Amino acid sequence: MRRRLLPWRLLVVLGLIALSVLVVFPVRGRIRLGLDLRGGSHILLECVDTPEAPVDEDAVRRVVEIIRNRIDQLGVAEPVIARQGERRVLVQLPGVTDPQRAVEIIGKTALLEFKDERGETVLTGAHLKNAQVQFDRLGRPVVAISFDSEGAKLFAQATTANVGKPLGIYLDGKLISNPVVQEPILGGEAQITGRFTLEEAQNLAILLRAGALPVKVEVIENRSVEPTLGRDSVNAGLRAAVIGVILVLAFMVLYYGSFGLLADLALLCFILFFFAIFIGLRATLTLPGIAGFVLTVGMAVDANVLIFERIKEEYRSGKTWRASIDAGFQKAFRTILDANITTLIAAVLLFSLGSGPIKGFGVTLSLGILCSMFTGVWVSRVFVDLFADRLKMRV
Amino acid sequence: MEFIRATYINFMGVRKAAYVVSLVLVALSLGSVALRGLNYGVDFAGGTLLQFRFSREVATEEIRGVLGSMNLEKSIIQRFSPTEVVIRTPKLSQEDQKRILSLLKEKFGSAELVRVEDVGPAVGADLRRMGIVALLVAIGGILVYVAFRFEFRPAVTSVLALAHDGLTVIGVVSLLQKEFTIPILAAVLTILGYSINDSIVVMDRIRENLVGRKKGEELEDIVNRSVSETLSRTINTSLTTALPVLALYFFGGKMLQDFALAILVGLVVGTYSSIFVVSALWVDWEKRSPRRR
Numbered sequence: 031m032r033r034r035l036l037p038w039r040l041l042v043v044l045g046l047i048a049l050s051v052l053v054v055f056p057v058r059g060r061i062r063l064g065l066d067l068r069g070g071s072h073i074l075l076e077c078v079d080t081p082e083a084p085v086d087e088d089a090v091r092r093v094v095e096i097i098r099n100r101i102d103q104l105g106v107a108e109p110v111i112a113r114q115g116e117r118r119v120l121v122q123l124p125g126v127t128d129p130q131r132a133v134e135i136i137g138k139t140a141l142l143e144f145k146d147e148r149g150e151t152v153l154t155g156a157h158l159k160n161a162q163v164q165f166d167r168l169g170r171p172v173v174a175i176s177f178d179s180e181g182a183k184l185f186a187q188a189t190t191a192n193v194g195k196p197l198g199i200y201l202d203g204k205l206i207s208n209p210v211v212q213e214p215i216l217g218g219e220a221q222i223t224g225r226f227t228l229e230e231a232q233n234l235a236i237l238l239r240a241g242a243l244p245v246k247v248e249v250i251e252n253r254s255v256e257p258t259l260g261r262d263s264v265n266a267g268l269r270a271a272v273i274g275v276i277l278v279l280a281f282m283v284l285y286y287g288s289f290g291l292l293a294d295l296a297l298l299c300f301i302l303f304f305f306a307i308f309i310g311l312r313a314t315l316t317l318p319g320i321a322g323f324v325l326t327v328g329m330a331v332d333a334n335v336l337i338f339e340r341i342k343e344e345y346r347s348g349k350t351w352r353a354s355i356d357a358g359f360q361k362a363f364r365t366i367l368d369a370n371i372t373t374l375i376a377a378v379l380l381f382s383l384g385s386g387p388i389k390g391f392g393v394t395l396s397l398g399i400l401c402s403m404f405t406g407v408w409v410s411r412v413f414v415d416l417f418a419d420r421l422k423m424r425v
Numbered sequence: 014m015e016f017i018r019a020t021y022i023n024f025m026g027v028r029k030a031a032y033v034v035s036l037v038l039v040a041l042s043l044g045s046v047a048l049r050g051l052n053y054g055v056d057f058a059g060g061t062l063l064q065f066r067f068s069r070e071v072a073t074e075e076i077r078g079v080l081g082s083m084n085l086e087k088s089i090i091q092r093f094s095p096t097e098v099v100i101r102t103p104k105l106s107q108e109d110q111k112r113i114l115s116l117l118k119e120k121f122g123s124a125e126l127v128r129v130e131d132v133g134p135a136v137g138a139d140l141r142r143m144g145i146v147a148l149l150v151a152i153g154g155i156l157v158y159v160a161f162r163f164e165f166r167p168a169v170t171s172v173l174a175l176a177h178d179g180l181t182v183i184g185v186v187s188l189l190q191k192e193f194t195i196p197i198l199a200a201v202l203t204i205l206g207y208s209i210n211d212s213i214v215v216m217d218r219i220r221e222n223l224v225g226r227k228k229g230e231e232l233e234d235i236v237n238r239s240v241s242e243t244l245s246r247t248i249n250t251s252l253t254t255a256l257p258v259l260a261l262y263f264f265g266g267k268m269l270q271d272f273a274l275a276i277l278v279g280l281v282v283g284t285y286s287s288i289f290v291v292s293a294l295w296v297d298w299e300k301r302s303p304r305r306r
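As they're listed, the protein sequences go chains A and B. According to this note's numbering, numbering within the first sequence proceeds without interruption in unit steps and concludes at 425. According to this note's numbering, numbering within the second sequence proceeds without interruption in unit steps and concludes at 306.
Simulated from the structure, these hints should not be mistaken for lab results. One thing to keep in mind: the hints can contain errors.
[What the hints assert, rightly or not] List of simulated lysine-lysine pairs, PhoX-like, C-alpha gap at most 25 angstroms:
1) K145/A / K246/A
2) K145/A / K195/A
3) K87/B / K204/A
4) K145/A / K159/A
5) K87/B / K104/B
6) K389/A / K349/A
7) K267/B / K228/B
8) K389/A / K267/B
9) K104/B / K267/B
10) K204/A / K159/A
11) K361/A / K118/B
12) K300/B / K267/B
13) K349/A / K246/A
14) K349/A / K361/A
15) K111/B / K138/A
16) K87/B / K267/B
17) K104/B / K118/B
18) K246/A / K111/B
19) K228/B / K300/B
20) K204/A / K145/A
21) K138/A / K195/A
22) K104/B / K138/A
23) K29/B / K300/B
24) K87/B / K111/B
25) K349/A / K104/B
26) K104/B / K191/B
27) K191/B / K389/A
28) K246/A / K104/B
29) K267/B / K191/B
30) K267/B / K204/A
The structure displayed is predicted, hence computed values, not measured ones.
From just these sequences and the hints, can you work out the full model?
Following this line, the structure appears as structure tokens:
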């Protein structure tokens, strides 16, 4: 029965190979890389209570919205901004080269205040309409701001009342500029000149445009990797993977002869199928994920080792080749299943270890185990049946 | 090529020695964890890790000098590559991180921040808790599966050996004072799941051989025969898994080196315990309180 179906089984294997090749090649750009490999920032923020601004549902929702606004203005491709739990916000910024700047822009409250000489707040950034970087006559960067109609009214009142006196401009309670009012400003427009560098001015403009956060946020986790460092990791991981695969291929041939060659064919199928499914699932490859893949390469041939050793034993006990092969596959299967299930239990638990790159390890390990059961048992069997009469194994 | 022929080796004869070895391993591991402790990385302990890249070779002492001006001279400073340095400090504010970068730029002309791992104490504590839960659930889950699949006693001795394997990996990490990070925890979990495989192979064979037990054959003989018969697959499965991990250790870059080391230690200990400890414990248990079959 099994042998009569052999042409069909072979067809299935060839079909899967063809399909996988279509999915996997050309490799460039097909595999989604995690932030630790392509570079970028993973930032976890938490909204914290202050006496002035306790955190509530509405505040957290506005925090998410305002941070989204700020990031849009940073010009990051494919950012992730997601609420996590009650008070946390996860921000992922792929490809960011200056993580410090990103954190600075995301985590700042950015409350703009104008205070008179007595220290009383006369106007806040809540009434801003726009903020833009401009240059003064000396070419220094300044931030030009314009108020909405109510803000313009308040600003006119404040400047009228304070002619000849300083009107302090504070950002998050820190004085950034302390100009003296020359004359009442009635048009609702002003400039902040704070001895900024160009980048500082740009950051401030972004913050003011996107608005102040309604509550204080703290950066409780920041994992950032610069893109070239990520590239180094990819190269090192790739090198280790290639060398690892070659070592396993060589070992199997040296130890199991032509049977080993068939196990190697199955291993190559494993690698191909693995990446086809990986890409199909739109999974993300991380550095620990590469480690997980390398590990499963070694585990994938375990099924073949168990089967081949069993075949040897059966043959030694006096069975024919064909009968030994049948018995070998059949009797080893239960052991292979058990062994893989226990490893899978551990792999699934890895998912619980945070949202970071280690999840990628759980993904590749789980996928590798499932995929290798198929290639190690079913695909190998097709190859072995195909060449059963010409095979030799020292027993 | 063939290393191992299915001969009869008297493994049970050396089981007292194996117990001593295993007890020493467990005692050393527990002792090291108790006395030297685990060198938790920022993942679990919280804190800030900064990796800087310079345009020239930089000595760690020069870095320490710079950090001294911020009262951070006690930080851990490690060379990542000739031109790259990793600094680990207690959790730093954004302003302090920025200040370090500008101080380094001042001193060395150019400095680039290429990696940040900044974890708050609450996140670290969460991860520690989740890590312990994951380890316990893994052991419990495997015990339940194996008990359901085998009988109770082989399941218990297999899982005992498993805990011994995991503990030894943690012990080696503590002894070498390698950073205990999430990838290391992942390695321990993986070893728990993987190292029981060899025990399953051996216990399966023992059960098979018990069915065809010859008259007068001692339990020790059956176990010796079973372990001997399965020896080549026990060793070969571990070897094929170790080969790519060795490649990872030598060629996979610095970030995966400790992970690879932990897996390698686990593979060696796991293979040893599957051969020498699991079935030996079972034999002693059966002899002390035999059950009718």
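Hint-by-hint comparison with the structure:
Pair hint K145/A plus K246/A holds up; C-alpha atoms about 21 angstroms apart against a cutoff of 25 angstroms. With a C-alpha separation of about 11 angstroms, the suggested pair K145/A and K195/A falls inside the 25 angstroms cut-off, and the hint holds. Among the hinted pairs, K87/B with K204/A is inconsistent with the structure: their alpha-carbon atoms are about 31 angstroms apart, more than 25 angstroms. Of the pairs offered as hints, the one joining K145/A and K159/A holds, with about 19 angstroms between alpha carbons and a cut-off of 25 angstroms not exceeded.
A C-alpha spacing of about 13 angstroms is found between K87/B and K104/B, which places the hinted pair at or below 25 angstroms, so the restraint holds. As the CA atoms of K389/A and K349/A are separated by approximately 47 angstroms, the hinted pair breaks the 25 angstroms bound. Of the supplied pair hints, the one linking K267/B and K228/B is violated, its CA atoms being roughly 57 angstroms apart against a limit of 25 angstroms. For the proposed pair K389/A and K267/B, the alpha carbon gap of about 20 angstroms is at most 25 angstroms, so the pair holds.
Distance hint between K104/B and K267/B is fulfilled; the C-alpha atoms sit about 23 angstroms from each other, no more than 25 angstroms. At most 25 angstroms may separate the alpha-carbon atoms for a hinted pair to count; K204/A and K159/A meet this at roughly 22 angstroms. Restraint check for K361/A and K118/B: not satisfied, since their Cα atoms lie roughly 66 angstroms apart, outside the 25 angstroms limit. As the CA atoms of K300/B and K267/B are separated by approximately 49 angstroms, the hinted pair breaks the 25 angstroms bound.
Taking the CA atoms of K349/A and K246/A, the gap is about 76 angstroms. The hint is violated against a cut of 25 angstroms. A C-alpha spacing of about 14 angstroms is found between K349/A and K361/A, which places the hinted pair at or below 25 angstroms, so the restraint holds. A distance of roughly 15 angstroms separates the Cα atoms of K111/B and K138/A; the hinted pair therefore holds under the 25 angstroms criterion. Taking the CA atoms of K87/B and K267/B, the gap is about 23 angstroms. The hint holds against a cut of 25 angstroms.
About 21 angstroms separates the Cα atoms of K104/B and K118/B, which keeps this hinted pair within 25 angstroms; it holds. Of the pairs offered as hints, the one joining K246/A and K111/B holds, with about 21 angstroms between alpha carbons and a cut-off of 25 angstroms not exceeded. Taking the CA atoms of K228/B and K300/B, the gap is about 17 angstroms. The hint holds against a cut of 25 angstroms. A threshold of 25 angstroms between alpha carbons decides the hint, and for K204/A with K145/A the separation of about 11 angstroms falls inside it, so the pair holds.
For the hint linking K138/A to K195/A, the alpha-carbon distance of about 29 angstroms lies beyond 25 angstroms, and the restraint is violated. Proposed proximity of K104/B and K138/A is supported: the alpha carbons are some 18 angstroms apart, at most 25 angstroms. For the hint linking K29/B to K300/B, the alpha-carbon distance of about 15 angstroms falls within 25 angstroms, and the restraint holds. The hinted pair formed by K87/B and K111/B meets the criterion: a straight-line CA distance of about 19 angstroms does not exceed 25 angstroms.
With a C-alpha separation of about 68 angstroms, the suggested pair K349/A and K104/B falls outside the 25 angstroms cut-off, and the hint is violated. A hinted pair counts as satisfied when its Cα atoms are at most 25 angstroms apart, and K104/B with K191/B qualifies at roughly 20 angstroms. A threshold of 25 angstroms between alpha carbons decides the hint, and for K191/B with K389/A the separation of about 22 angstroms falls inside it, so the pair holds. Of the supplied pair hints, the one linking K246/A and K104/B holds, its CA atoms being roughly 19 angstroms apart against a limit of 25 angstroms.
Of the supplied pair hints, the one linking K267/B and K191/B holds, its CA atoms being roughly 13 angstroms apart against a limit of 25 angstroms. Proposed proximity of K267/B and K204/A is contradicted: the alpha carbons are some 42 angstroms apart, above 25 angstroms.
In this structure, the earlier hints numbered 3, 6, 7, 11, 12, 13, 21, 25, 30 are contradicted, and the remaining ones agree with it.
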